[in-house]
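Order-wise, the sequence lines are chains P, V, B and Y.
Everything in the first sequence is counted per my numbering, starting at 77 for the first residue and increasing by one.
Everything in the second sequence is counted per my numbering, starting at 10 for the first residue and increasing by one.
Everything in the third sequence is counted per my numbering, starting at 2 for the first residue and increasing by one.
Everything in the fourth sequence is counted per my numbering, starting at 488 for the first residue and increasing by one.
Do not rely on the hints blindly, as some may be mistaken.
[Said to hold, decoys possible] Computed spacing ranges between beta-carbons, pair by pair:
1. V:E402 with B:E177: 51 to 61 angstroms
2. V:K195 with B:G33: 20 to 30 angstroms
3. B:G48 with V:D59: 40 to 50 angstroms
4. V:K254 with B:N118: 42 to 52 angstroms
5. Y:C538 with V:P224: 44 to 54 angstroms
6. V:S399 with B:G15: 24 to 34 angstroms
7. V:N336 with P:G239: 40 to 50 angstroms
8. Y:C535 with P:T240: 47 to 57 angstroms
[Said to hold, decoys possible] BS3-like cross-link-like pairs, simulated, lysine-lysine; straight-line CA separation at most 27 angstroms:
9. P:K83 with Y:K556
10. P:K174 with V:K166
11. P:K82 with Y:K527
12. B:K92 with V:K291
13. Y:K573 with P:K341
14. P:K83 with Y:K534
15. V:K195 with P:K172
16. B:K61 with V:K298
17. Y:K556 with P:K274
18. P:K165 with P:K119
19. Y:K527 with P:K311
20. B:K93 with B:K147
21. B:K61 with V:K254
22. P:K170 with V:K166
23. P:K165 with V:K166
24. V:K197 with P:K172
25. P:K274 with Y:K534
26. P:K83 with Y:K573
27. Y:K573 with P:K349
28. P:K311 with P:K82
29. P:K271 with Y:K527
30. V:K51 with P:K165
[As the list claims (entries may be wrong)] Sample of chain V residues lacking proximity to chain B, with all beta carbon distances greater than 12 angstroms (derived):
31. N30
32. T352
33. G389
No wet-lab data here; the hints were simulated from the structure.
Just so you know, even glycine gets a beta-carbon here, dropped at the ideal spot from N, CA and C.
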Amino acid sequence: MAYNLKKELAKPERLAGGHRMCAGCGAPVAVRAVTRALKEEDKAVIGCATGCLEVSTFMYPYTAWKDSFIHNAFENAGATVSGVEAAHKALLRKGKIKDDYKFIAFGGDGGTADIGFQSLSGAMERGHDMVYVCYDNGAYMNTGIQRSSATPQYADTTTTPAGTVSDGKPQGRKDLAAIIANHNIPYVAQTTFIKNFKDMHEKSEKAIYTEGAAFMNVLAPCPRGWRYPAEDLMKMCELAVETCFWPLFEVVNGEWKLNYMPKNKLPIEEFLKPQGRFKHLFKKGNEHLIANIQADIDKRWEQLLVRCGEKSNIKETV
Amino acid sequence: MAIRERLSGNEAVATAMRQINPDVMAAFPITPSTEVPQYFSKYVADGLVDTEFVPVESEHSAMSACVGSQAAGARTFTATSSCGLALMHEILYIAASNRLPITMAAINRALSGPININADHSDTMGSRDAGWIQIYSESNQEAYDNFIQAVRIAEHKDVRLPAMVCQDGFITSHAVENIELIEDDKVKDFVGEYYPENYLLNSDQNLSVGPYDSPAFYMEHKRLQVEGMRNAKRVALEIAEQFEKMTGRKYGLFEEYRLDDADAAIVIINSAAGTAKDAIDKLREEGKKVGLLKIRLFRSFPAEEIAEALKHVKAIAVMDRSDSFNNQGGPLNAEVKSALYGTENAPKIINYIYGLGGRDVKVENIEEVYASLFEIIKTGNTGETYRYLSVREQEAQ
Amino acid sequence: MSKITEIRWHGRGGQGAKTASLLLADVAFNTGKYVQGFPEYGPERMGAPITAYNRISENKIRVHSNIYDPEFVVVVDETLLETIQVTKGLKKEGAIVINTEKSPEEVKGLLNGYEGNVFTIDARKISEAALGKYFPNTPMLAAIVKVSGVMPEEKFIEEMQHSFEHKFASKPEVIEGNMNALKTALQEVK
Amino acid sequence: MEKKTNINETIVWQDITPGGDILASGNSAEFKTGDWRTDKPIVDMEKCIHCLLCVPVCPDTSIPVEDGKRLEFDYDHCKGCGVCAKVCPVNCITMVPEGK
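For reference, chain P alone in the conformation it holds in the complex (with noise of 0.2 angstroms):
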């Protein structure tokens, strides 16, 4: 059926006020968009590995989760949330309980793809049937924006801090949607909050819909950690995404697809210079480092524009 926002806001939200997340954060709108994707009368179990999100949501004795929920540790979520798959099976097939259960399980990129990696690794090769949803924001936030595998090249973290002899975080960013889709799980997907919502809505809806392993990579800017102005949430996603910095696509049973062409693709300071991360990439004589970075984005697309069948690869040797 079409997607209609208006339908999908009747539903009751899954995600309760009262939280402590930072204002402006990205992660529970993530959370609220993935959710909100569930059929009213479905039944989930979350986890979620620990970071701001976990801490946040679940401060005893109040819980933001209206679902069943688990929080075990940092590097477990995929783990955890097989596990509570693995019960679900087993109890259906004793005739224990009798509803059918969704299992969802968020991470940050930290939890995902760097000290959960094994884990979530581990779960989706063996092809639980549940989601697992990372949620990006490029740095260990929980702990004060440490670098992980999952942030972008040249970021001024606590870690990779821009000194006069760095240039802030010297490698650049692992590719995790692509990492997942050569586990041959039946749907991986790579999204953000664009406008409405339905690129976002839709891959969820798949993702939970799917029957086995599923895996999102969706960007939930980190207003603190990135230093750009809170109310600026969807521009960051936005400019993100016109960067071609977040590609959005979709990796359907091995089939690639890309899910949005900008018609313009803007240059890549118009992503960074909103952010304090990349302030010093914009001092003189820093010109070589954003160029460092665009052209990592444009091999980047194409590579992605190939897989996708957008382009054919003409330079392909094997």
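Given the structure of chain P, go ahead and fit chains V, B and Y onto it with the hints provided.
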């Protein structure tokens, strides 16, 4: 009637698992516990159980999946050893503090390094403060009996704590010995079904598990957790009594062997206790008053009962199959000593570190220990209290 | 303390000495005995010398150490005589059984002056004749049963018949060969 | 089902929930984060076209919807981030300093 069988220790616990038919088993292979998930996955493959077996990619994920599964409302088992248990370490605490009665077969093996695949207790002793109930087993029979009882102790509403049932790697895990099995239906009736009060998949009542806990509440949660561990002692005895009614096999918090009138005693855990019993019988034939106390329930630690059982003894050797590297002795030594602190005319106590990394323990080695105890009784001089048994060393000048 | 018969096996990884020790525990168990069967474990792979043990008794066995002064030793691979001191601790009132085509007198020189009884058996010949393949296990098992006297031969034959029927339920054609190997071995050990 | 949390900082260990389990789902609503605000969104309902674009962008679930129309802000929980004001296509949300 009991079923006369011969099984290795690993097959014995796997058999208990099959008879109980848990909802979920999540495990990763590690020597010497590997056979347990192997046997179990064969039971799954042959339809002897309808358990969901989760072949995880590490022990860390094994314990993580166990936490998710047990919280979801499923009776969940696992098995591991050594480095595998160490890799689970963080999550062991979470399982316990979340009050999730997971049951684990812990097949004792030395911790690296250097890497060694043979028995000692450095693995489970390293987990002793994680909040798990720990039950130790001398033989395959005890490993089997203890596993069946552990599930009930763990799940008891006054306890609600995970339990590990320990036995010595290879020495009992891979040794085929006689065993008396209980009929499948009797085990099923004894253990019963798992019906937790609250669980994630309860459609009548949602549940949130694993909060961020501020200083305002954390300590109350810990104090409540301690109460579960305190209750474990009483519950273990209640369940042992029911078990005895079913099988005729008696279990307590610990076993006393010819201890009543003993002048010299050793305190010991797991398989070497059997070897020590042979040494005791031999020495008793020579008229020597020797005995032993074999600890079954190490967590919670039955300190008062142990002190009572040992108070008449003149000299005690506490036998540790792992070291604490505190320059004072092993973990069992510390516990037994503090249990006896304040006892009037407290016995003299020495500690022996023995059997590390599978160093074999012979009847003669135990006889040496008793000889040193009699020397202490004779001279009144305890001498060095922190000793190593059967270690090669330079002769004293 | 009751008498415990202690047996030590020497073989090479992959030859089945461990399996043979477990089989011996099995048949002894089936005749109503208390048993232990256990290998000494290390990370060794195929071909490395391995040791396995049996304890057999009328009473419950509690001791959990290796066996240092066995009553009987079984050598599944005669090349081990060159490299391993197979008679170490072996009681002189006991015996050693060796898989070789040689006679006891011929191998005695390799046994470090062992004074007890020496038995040999050509397990290769027996196995190949009866089974068409080299499985030293079965003949060696029969040989040690005969030499040690841990159970009557008839009882052993009867138990092994049951055991093979169970073990080879899916390929009954090999049962007869195995039984023949056992019976020949019982006669030929000397 | 427990409607309201009866756990507070006077609770004794005997009464606290084992493991920190919480049965009252979504009870964080009892915790007011509205006093975190320094700027406050004011919606001009006259101008609002009820496109609802402001609703999904709210990190604090503080824009209730009823019968396809947005209601007044839930000031008990709104932290005043201003994301809603930025996405409003008809500029009917204004941020004003708190307390004015």
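Hint check results:
1. V:E402 with B:E177: 51 to 61 angstroms: holds (58 angstroms)
2. V:K195 with B:G33: 20 to 30 angstroms: Given about 24 angstroms between the Cβ atoms, the range holds.
3. B:G48 with V:D59: 40 to 50 angstroms: At roughly 42 angstroms between Cβ atoms, D59 of chain V and G48 of chain B fall inside 40 to 50 angstroms, so the hint holds.
4. V:K254 with B:N118: 42 to 52 angstroms: About 51 angstroms separates the Cβ atoms of K254 of chain V and N118 of chain B, which means 42 to 52 angstroms holds.
5. Y:C538 with V:P224: 44 to 54 angstroms: The hint (44 to 54 angstroms, Cβ to Cβ) holds, given that C538 of chain Y and P224 of chain V are roughly 45 angstroms apart.
6. V:S399 with B:G15: 24 to 34 angstroms: The hint (24 to 34 angstroms, Cβ to Cβ) holds, given that S399 of chain V and G15 of chain B are roughly 31 angstroms apart.
7. V:N336 with P:G239: 40 to 50 angstroms: Cβ of N336 of chain V to Cβ of G239 of chain P: about 45 angstroms, so the range 40 to 50 angstroms holds.
8. Y:C535 with P:T240: 47 to 57 angstroms: Once the Cβ atoms are compared, 52 angstroms apart, the range 47 to 57 angstroms for T240 of chain P and C535 of chain Y holds.
9. P:K83 with Y:K556: The given pair, whose Cα atoms are some 11 angstroms apart, holds under the 27 angstroms limit.
10. P:K174 with V:K166: holds (24 angstroms)
11. P:K82 with Y:K527: Within the cut-off at roughly 25 angstroms; holds.
12. B:K92 with V:K291: Holds, at about 20 angstroms.
13. Y:K573 with P:K341: holds (23 angstroms)
14. P:K83 with Y:K534: Holds, at roughly 22 angstroms.
15. V:K195 with P:K172: holds (21 angstroms)
16. B:K61 with V:K298: holds (23 angstroms)
17. Y:K556 with P:K274: holds (19 angstroms)
18. P:K165 with P:K119: holds (15 angstroms)
19. Y:K527 with P:K311: Holds, at roughly 20 angstroms.
20. B:K93 with B:K147: holds (18 angstroms)
21. B:K61 with V:K254: Given that 27 angstroms is the threshold and the Cα spacing comes to 22 angstroms, the pair holds.
22. P:K170 with V:K166: Holds, because 23 angstroms separates the two Cα atoms, which is no more than 27 angstroms.
23. P:K165 with V:K166: holds (25 angstroms)
24. V:K197 with P:K172: holds (16 angstroms)
25. P:K274 with Y:K534: holds (25 angstroms)
26. P:K83 with Y:K573: Given that 27 angstroms is the threshold and the Cα spacing comes to 23 angstroms, the pair holds.
27. Y:K573 with P:K349: holds (19 angstroms)
28. P:K311 with P:K82: Distance of about 22 angstroms is within 27 angstroms: holds.
29. P:K271 with Y:K527: Measuring from Cα to Cα gives roughly 23 angstroms; hence the hint holds.
30. V:K51 with P:K165: The hint holds at about 19 angstroms.
31. N30: holds (25 angstroms)
32. T352: holds (30 angstroms)
33. G389: Non-interface label on G389 of chain V holds, nearest chain B Cβ at 32 angstroms vs cutoff 12 angstroms.
Checked against the numbered hints given earlier, this structure breaks none of them.
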